[in-house]
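Enquirer: With these hints in hand, go ahead and build the complete structure from the sequences.
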Amino acid sequence: MHRTGDLYGHFQTLEQQKETATLGMWIFLVTEVLFFGGMFLAYTINRTAFSTAFGIGSNTLDIKLGAGNTVVLIMSSLTMAMAVWSAQVGKKKLVSFFLIATLGLGTVFLGVKAVEYKQKFDHHLIPGRSFDMKYHPTHPMAGDDLKELALEKEEVDKAFAVDPDINFHGQLYFSLYFGMTGLHALHMIIGAGLLLWLIKGSFAGRFTPQYNTPVEIVGLYWHFVDIVWIYLFPLLYLIDRHR
Amino acid sequence: MSEHIVSPKIYIGIFAALMLGTGITVWAAFQNFHQFNIVIALVIATIKATLVVLYFMHARYSSKRTQLVIVCSVFWLAIMLALTLTDYTTRSHETQPGVSHLARPAASHLFRV
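Those sequence lines, one after another, are chains A and B. Everything in the first sequence is counted per the working numbering, starting at 1 for the first residue and increasing by one. Everything in the second sequence is counted per the working numbering, starting at 1 for the first residue and increasing by one.
Derived by calculation from the structure, the hints in this document are not laboratory data. A hint or two may mislead.
Said to hold, decoys possible - Distance condition first, Cα-Cα at most 25 angstroms in a straight line; then the derived DSS-like pairs of lysine-lysine:
id : chain 1 : residue 1 : chain 2 : residue 2
1  : A       : Lys64     : A       : Lys18
2  : A       : Lys93     : B       : Lys9
3  : A       : Lys64     : A       : Lys134
4  : A       : Lys91     : B       : Lys9
5  : A       : Lys93     : A       : Lys200
6  : A       : Lys153    : A       : Lys64
7  : B       : Lys64     : A       : Lys120
8  : B       : Lys64     : A       : Lys92
Claimed, not checked - Residues from chain A that keep clear of chain B, each with C-beta distances beyond 12 angstroms, as calculated:
id : residue
9  : Arg3
10 : Ala67
11 : Ala81
12 : Gly104
13 : Lys118
14 : Ile126
15 : Tyr135
16 : Glu155
17 : Asp157
18 : Phe178
19 : Trp197
20 : Arg206
21 : Pro234
Said to hold, decoys possible - Pairwise CB distance ranges (calculated):
id : chain 1 : residue 1 : chain 2 : residue 2 : range
22 : A       : His10     : B       : Phe33     : 51 to 57 angstroms
23 : B       : His4      : A       : Glu155    : 48 to 54 angstroms
24 : A       : Gly179    : B       : Gly13     : 31 to 37 angstroms
25 : A       : Phe11     : B       : Ile5      : 18 to 24 angstroms
26 : B       : Thr89     : A       : Glu148    : 35 to 41 angstroms
27 : A       : Lys147    : B       : Val71     : 46 to 52 angstroms
28 : B       : Gln67     : A       : His10     : 22 to 28 angstroms
By construction, the Cβ of each residue, glycine as well, lies at the ideal position given by its N, Cα and C atoms.
Expert: Put into structure tokens, the structure is as follows:
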């Protein structure tokens with residue numbers, strides 16, 4: 001394609017080019033909103049129908065890890081926004097610094113997610129044949145708080161009395177949990193790839209006050225992924241916590 | 001078009017507001033507001049999301065055209081949620097506890113919930 005510097009031939013000015021790219025990215029994000037929206041819809045319908053099982057499922061999640069990850073992700077959004085600002089004011093070294101910080105925080109998020117997934121395998125909470133919500137309360141593991149586990153057992157037993165099919169309905173919760181957080185994590189992995197590409201460009205000094213469209217566009221994507229998590233955290237981790 | 005540069009001060013302010021929102025969400029989840037727990041959680045999440053869109057994603061400083069696209073995304077999402085939920089909430093379900101759906105043969109429960 002014909003291009004002069006950073007300006008592609010079918011645009012007249014860099015501003016027009018950036019405006020077009022921003023609009024295009026937002027149109028893509030609309031499709032993403034509806035894509036995730038479908039999962040939130042499935043979640044809403046199932047949670048309404050099987051609220052006891054969803055509450056028990058939610059209470060097995062580690063709120064400290066979840067809340068910590070929320071903080072990490074919002075911090076990464078801040079560093080991403082700062083990377084855009086650095087490019088706009090021409091601080092090239094800061095662009096690299098903030099992009100690397102964003103990538104680092106994103107990686108921490110994914111690492112914590114991996115720890116959480118591992119826990120679910122250990123606690124027999126993966127939908128399938130060995131799924132059992134009674135397993136963990138009756139099989140304490142090293143490092144478990146026994147008092148808390150006894151409370152959990154009491155809660156699970158009570159729930160079984162209300163909903164004897166809780167092991168079926170709980171699998172719906174965990175299918176949605178893995179589906180939604182997994183899809184979110186996939187977006188994070190793609191975002192990390194995009195960040196690597198930006199970091200490479202920033203080392204080459206590509207992003208300047210005149211041309212920083214890629215940083216801005218990837219930023220839009222990264223913030224969108226952050227927004228998805230802003231909804232996922234309360235919906236998955238915070239059901240029925242007050243019991 | 002003159003590019004609007006959002007200052008780091010605003011970014012940090014928004015970040016602080018988002019942190020505060022996260023704190024309030026966690027706190028509120030441990031209080032018993034009965035059926036309003038979910039409402040409170042969603043209101044806080046929506047305020048947080050709006051702040052991210054307006055400031056981190058620069059929607060406040062974007063062109064009218066871009067803003068229209070953003071509003072459209074919410075609008076279409078609302079259509080999807082509202083129309084599907086009006087259907088689900090007005091059908092009769094056997095969702096009382098103790099009535100098994102998944103214990104039935106594989107296909108039949110799919111048409112219930």
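Enquirer: Does each hint fit the structure? Answer for all of them.
Expert: Structure-based check of all given hints:
1. Note on A:Lys64 and A:Lys18: the hinted pairing is violated, with a Cα-Cα distance of about 40 angstroms set against a maximum of 25 angstroms.
2. A hinted pair counts as satisfied when its Cα atoms are at most 25 angstroms apart, and A:Lys93 with B:Lys9 qualifies at roughly 20 angstroms.
3. Pair hint A:Lys64 plus A:Lys134 holds up; C-alpha atoms about 22 angstroms apart against a cutoff of 25 angstroms.
4. At roughly 17 angstroms between alpha-carbon atoms, A:Lys91 and B:Lys9 fall within 25 angstroms of each other, so this suggested pair holds.
5. Annotation: proposed proximity of A:Lys93 to A:Lys200 holds, straight-line Cα distance about 12 angstroms (limit 25 angstroms).
6. Proposed proximity of A:Lys153 and A:Lys64 is supported: the alpha carbons are some 20 angstroms apart, at most 25 angstroms.
7. Our distance criterion of 25 angstroms between C-alpha atoms is broken by B:Lys64 and A:Lys120, whose separation comes to about 46 angstroms.
8. Under the criterion of a C-alpha separation no larger than 25 angstroms, the hint pairing B:Lys64 with A:Lys92 is inconsistent with the structure, at around 30 angstroms.
9. Every CB of chain B lies more than 12 angstroms from the CB of A:Arg3, the least distance being 20 angstroms, so the non-interface label holds.
10. For A:Ala67, the shortest C-beta to C-beta distance to chain B comes to about 5 angstroms, within the 12 angstroms cut-off, and the non-interface label is violated.
11. Separation of A:Ala81 from chain B is inadequate, the least Cβ-Cβ distance of about 5 angstroms not exceeding the 12 angstroms criterion.
12. With a least CB separation of 17 angstroms from chain B, A:Gly104 remains clear of the 12 angstroms interface cut-off, as annotated.
13. For A:Lys118, the shortest C-beta to C-beta distance to chain B comes to about 23 angstroms, beyond the 12 angstroms cut-off, and the non-interface label holds.
14. Distance check on A:Ile126: its Cβ is at least 17 angstroms (rounded) from any Cβ of chain B, clearing the 12 angstroms threshold; non-interface status holds.
15. Non-interface status of A:Tyr135 relative to chain B is upheld: no Cβ of that chain comes within 12 angstroms, the nearest being about 19 angstroms off.
16. Every CB of chain B lies more than 12 angstroms from the CB of A:Glu155, the least distance being 15 angstroms, so the non-interface label holds.
17. Against the 12 angstroms criterion, A:Asp157 stays outside the reach of chain B, whose nearest CB is about 15 angstroms from its own CB.
18. Every CB of chain B lies more than 12 angstroms from the CB of A:Phe178, the least distance being 17 angstroms, so the non-interface label holds.
19. Every beta carbon of chain B lies more than 12 angstroms from that of A:Trp197, the smallest distance being close to 20 angstroms; the non-interface claim holds.
20. Listed as outside the interface, A:Arg206 is consistent with that label: its C-beta sits roughly 17 angstroms from the nearest C-beta of chain B, beyond the 12 angstroms cut-off.
21. Not every CB of chain B is more than 12 angstroms from the CB of A:Pro234 (nearest about 4 angstroms), against its label as outside the interface.
22. Range check, A:His10 to B:Phe33: about 55 angstroms between beta-carbon atoms, so the 51 to 57 angstroms window is met.
23. For the pair B:His4 and A:Glu155, the beta carbons lie near 51 angstroms from each other, so the given range of 48 to 54 angstroms is met.
24. One distance hint, 31 to 37 angstroms for the beta-carbon pair A:Gly179 and B:Gly13, holds here, with the actual separation near 35 angstroms.
25. Judged by the Cβ atoms, the range 18 to 24 angstroms given for A:Phe11 and B:Ile5 holds: they are separated by roughly 21 angstroms.
26. Between B:Thr89 and A:Glu148 the beta carbons are some 36 angstroms apart, a value that agrees with the proposed interval 35 to 41 angstroms.
27. Restraint check, A:Lys147 to B:Val71: a C-beta distance of roughly 50 angstroms satisfies the suggested window 46 to 52 angstroms.
28. Evaluation of the 22 to 28 angstroms hint for B:Gln67 and A:His10 yields a pass: the beta carbon distance comes to about 24 angstroms.
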